[in-house]
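Engineer: Protein chains in written order, with full-length UniProt numbering: chain A, 1 to 236; chain B, 1 to 236; chain C, 1 to 216; chain D, 1 to 216.
The hints are simulated quantities; they were obtained by calculation from the structure and are not laboratory data. Note that the structure is a prediction, hence the values are computed from the model and not measured. Mixed in with the good hints there might be a few duds.
[As the list claims (entries may be wrong)] Here chain C is said to cover these stretches of chain B; the calculated rule only asks that three of the stretch's residues, wherever they fall, bring their Cβ under 8 Å from a Cβ of chain C:
1. 114-128
2. 171-177
3. 217-227
We treat Cβ as the ideally placed atom computed from N, Cα and C, and that holds for glycine.
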Amino acid sequence: MTPQTAPPDAPAVPHPLTPAEAAALVPDGARVMIGAFMGVGTPGRIVDALIERGARDLTVIANDTARPEVGIGRLIAAGCVRRAIVAHIGTNPETQRRMIAGTIDVELVPQGTLAERIRAAGAGLGGVLTPTGLGTVVEEGKRRIEVEGQDYLLELPLRADVALIAARSADHMGNLVYSLTARNFNPVMAMAAALVIAEPNEIVPVGVLPPDAIHTPGVLVDHLVRRGERIDHGHA
Amino acid sequence: MTPQTAPPDAPAVPHPLTPAEAAALVPDGARVMIGAFMGVGTPGRIVDALIERGARDLTVIANDTARPEVGIGRLIAAGCVRRAIVAHIGTNPETQRRMIAGTIDVELVPQGTLAERIRAAGAGLGGVLTPTGLGTVVEEGKRRIEVEGQDYLLELPLRADVALIAARSADHMGNLVYSLTARNFNPVMAMAAALVIAEPNEIVPVGVLPPDAIHTPGVLVDHLVRRGERIDHGHA
Amino acid sequence: MDTRERIARRVALELRDNSLVNLGIGLPTLVARYVPAGMRINFQSENGIIGFGARPPEGMEDVHLTDAGGAFVSAQPGAVSFDSVMSFALIRGGHIDLTVLGGLQVDRHGRLANWIIPGKLVPGMGGAMDLVTGARRVIVAMNHTQKGTPKIVETLTLPPTADRAVTMIVTELGVMEPSPEGLVLTEVTEGVEVEAVVAATDAPLIISPDLRLMAS
Amino acid sequence: MDTRERIARRVALELRDNSLVNLGIGLPTLVARYVPAGMRINFQSENGIIGFGARPPEGMEDVHLTDAGGAFVSAQPGAVSFDSVMSFALIRGGHIDLTVLGGLQVDRHGRLANWIIPGKLVPGMGGAMDLVTGARRVIVAMNHTQKGTPKIVETLTLPPTADRAVTMIVTELGVMEPSPEGLVLTEVTEGVEVEAVVAATDAPLIISPDLRLMAS
Chain A
1 MTPQTAPPDA PAVPHPLTPA EAAALVPDGA RVMIGAFMGV GTPGRIVDAL
51 IERGARDLTV IANDTARPEV GIGRLIAAGC VRRAIVAHIG TNPETQRRMI
101 AGTIDVELVP QGTLAERIRA AGAGLGGVLT PTGLGTVVEE GKRRIEVEGQ
151 DYLLELPLRA DVALIAARSA DHMGNLVYSL TARNFNPVMA MAAALVIAEP
201 NEIVPVGVLP PDAIHTPGVL VDHLVRRGER IDHGHA
Chain B
1 MTPQTAPPDA PAVPHPLTPA EAAALVPDGA RVMIGAFMGV GTPGRIVDAL
51 IERGARDLTV IANDTARPEV GIGRLIAAGC VRRAIVAHIG TNPETQRRMI
101 AGTIDVELVP QGTLAERIRA AGAGLGGVLT PTGLGTVVEE GKRRIEVEGQ
151 DYLLELPLRA DVALIAARSA DHMGNLVYSL TARNFNPVMA MAAALVIAEP
201 NEIVPVGVLP PDAIHTPGVL VDHLVRRGER IDHGHA
Chain C
1 MDTRERIARR VALELRDNSL VNLGIGLPTL VARYVPAGMR INFQSENGII
51 GFGARPPEGM EDVHLTDAGG AFVSAQPGAV SFDSVMSFAL IRGGHIDLTV
101 LGGLQVDRHG RLANWIIPGK LVPGMGGAMD LVTGARRVIV AMNHTQKGTP
151 KIVETLTLPP TADRAVTMIV TELGVMEPSP EGLVLTEVTE GVEVEAVVAA
201 TDAPLIISPD LRLMAS
Chain D
1 MDTRERIARR VALELRDNSL VNLGIGLPTL VARYVPAGMR INFQSENGII
51 GFGARPPEGM EDVHLTDAGG AFVSAQPGAV SFDSVMSFAL IRGGHIDLTV
101 LGGLQVDRHG RLANWIIPGK LVPGMGGAMD LVTGARRVIV AMNHTQKGTP
151 KIVETLTLPP TADRAVTMIV TELGVMEPSP EGLVLTEVTE GVEVEAVVAA
201 TDAPLIISPD LRLMAS
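Extracted from the complex, chain A is given alone in its bound form (with noise of 0.2 Å):
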């Protein structure tokens, strides 16, 4: 085999960045994609360094603010988001607070019609029509179109300045595997940002994980987040 390129073990992704470089990465007011429902599937450690860096006015778009303790509650709670375009709040008696109280504006998205409005942002569409929400309040401000007899609303994709992703392992090419229902939002997120920032449990070697086998491509990811510890392996 004559490799027409580089040698595979250059890196794509540029060296795995700490939390606080990714957060770092992430400006006060952005809109921002996080990956996981009801919590399983946070890229925690990423969330955890905007809490301390004390991100502010992010727009976050997500399934659901989880619970104030977990995940992407945790970034409510600190008061670093502005805005949630969401699913569901039903579990995070703090999303409904701030909602009351004014501090955070919140709009409630289908759940299938944020995947396919995020997947439309991913995949070139001007546009879904779908049934969903007919003759509902998610009807509102938007185009009814009729085809062959049947109406459908019109849902717009949906685009993130930075999406961050939560994956059971990488390689150093950035290529993502996930685990059972911690995948979720996590792929198409990962499709829809213009900056890409992964966690993912583990980083193994380029050429381990099968072709087959890999649910995001590694030309999606910018930036992978490193492990927290490093294993003493007794390597020089």
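We have chain A; now place chains B, C and D onto it with these hints.
Structural biologist: Just chains B, C and D now, with coordinates in the frame of chain A:
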């Protein structure tokens, strides 16, 4: 662990079919999606059985018509196809000959639009907005929809009566794993047809495919086609 | 048999072998306990799995394997995991045979409200709008009244979850099915008078000529 | 250096380290031979792989691992495979940094025709319309003329591939870039007179004040 349901070895997908039994489920005149990209990832035994039973007037929805002696190309050459909805016929002079002779209708669709239209059917969308095809022959007869100052074409869902799918592995519940570039249109087609028949290279026991590695959930698959040979393993 | 069990047992009779089923949080979850013997049901959880099972023994839970409520579950043989895009493509694309959901109100046309009490409880719709719009069959499993107030109403006072009528309503008093003419009472619980069901219902009820005792 | 090699070498100078690149069939494929040393390019093939490499040694080919033309390829370490939906989401979603395509005609606005010669050759657009519409940069790599007839024309006589202007046109005679004022000749091949390029071009050419010799 207390399982909530019957023993998992109760097959969700009925007994595997022979290729001939599968072909019998595809009526003349049916709209049939067939996986493959230039012949790679074709459910070849079902295709051969369709030819053998003399299927007629099929509408084939596929990426391409391969070459006359390969995959879907064989179906064209055998005169089984009345209409092809495909992105490419350049490698099959037989398709071109029949198109010019008027014995086969060809609807050319941009490859990405083909994928999104099939996906729209499978995902319950009424359509998607895409810039692909604007200002080209693809625009003919379609609605142009403006969103935030940008024009898009409204592309409609594409459904089928039957999808014929090729996979590397299946378990007896119909869960499917594909191999490398043989994946192509197979997974999305498994979502967009009333009847889904998969032809894997192997059928493995339930429980041996890791949940994170499965590409197509077995609930989408109605039938598996039996492996050609049984390995003689000396078991009673 | 308590009220909730009665409702769950009745709903379980609607399960079909080898089907794909999504159960909402709360009462609907109980339906999983009454799957008929020998029947295989593929339970989907919208956070991204088909084939989850009961909570594993202590110490064997995994933070990456939960249901949509965040509770630990197990993976049955043949389980498959996927992302939210696929999960809702299954829901919205008509691949879910049956969803069972709780309800706050159902109107005379079978339209459901179950996601918000404005000014009081704003949990968000989560996947409810997608499920009611996209699942092949939608069964509402709920108490007939809330503190004496009928939940089956002439006109919704709460924001609807979808335009589409549900397939069936199961309460502790009976079973109702929407029809073009209105809600049809098809089954009544043993020991309950039809008049009592009518009295507890704000919407007009059509009594089915084939009215039966509620099965279980 | 033959014509095709000259064109491919010039296009290869547009490669950026660590970028995602899709090469069309034919001449564009040659670009992969001239990736600068030390640079890593992620080559995508629209049939569903990033990170494919050269054809493997005889006997090690696999029928499940081919490029978009159906030719056997290898998988480099870190390669990833995916389905057509993902493949075209990458193409249409702006994730491809550069695509290099062949051309039949390009007009004065930089609009490309490369998928059909009506009544003569009807291969189908394949992924060409998606690539020209969705890739961040689109370079057309082609001969300047076809049997003496200019391919860079005032007005397309062939059906266009997309509305959008390409980024750059590289031929054996030079390099042109579309601008709001028209096509700008930015580089000319060593030993070729500017007048000869103009004469071989049907569309009006603006000669760049910074005109250089074609790099390689």
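Engineer: Are there at least three residues in the stretch 171-177 of chain B whose beta carbon sits under 8 Å from a beta carbon of chain C?
Structural biologist: holds (count 3)
Engineer: Taking beta carbons only, do three or more residues of the stretch 114-128 of chain B come closer than 8 Å to chain C?
Structural biologist: holds (count 6)
Engineer: So is the stretch 217-227 of chain B in contact with chain C by the C-beta rule, three or more residues under 8 Å, or is the coverage claim wrong?
Structural biologist: With 4 residues in contact (Cβ-Cβ under 8 Å with chain C), the coverage given for the stretch 217-227 of chain B holds.
When held up to the earlier numbered hints, the structure conflicts with none and fits them all.
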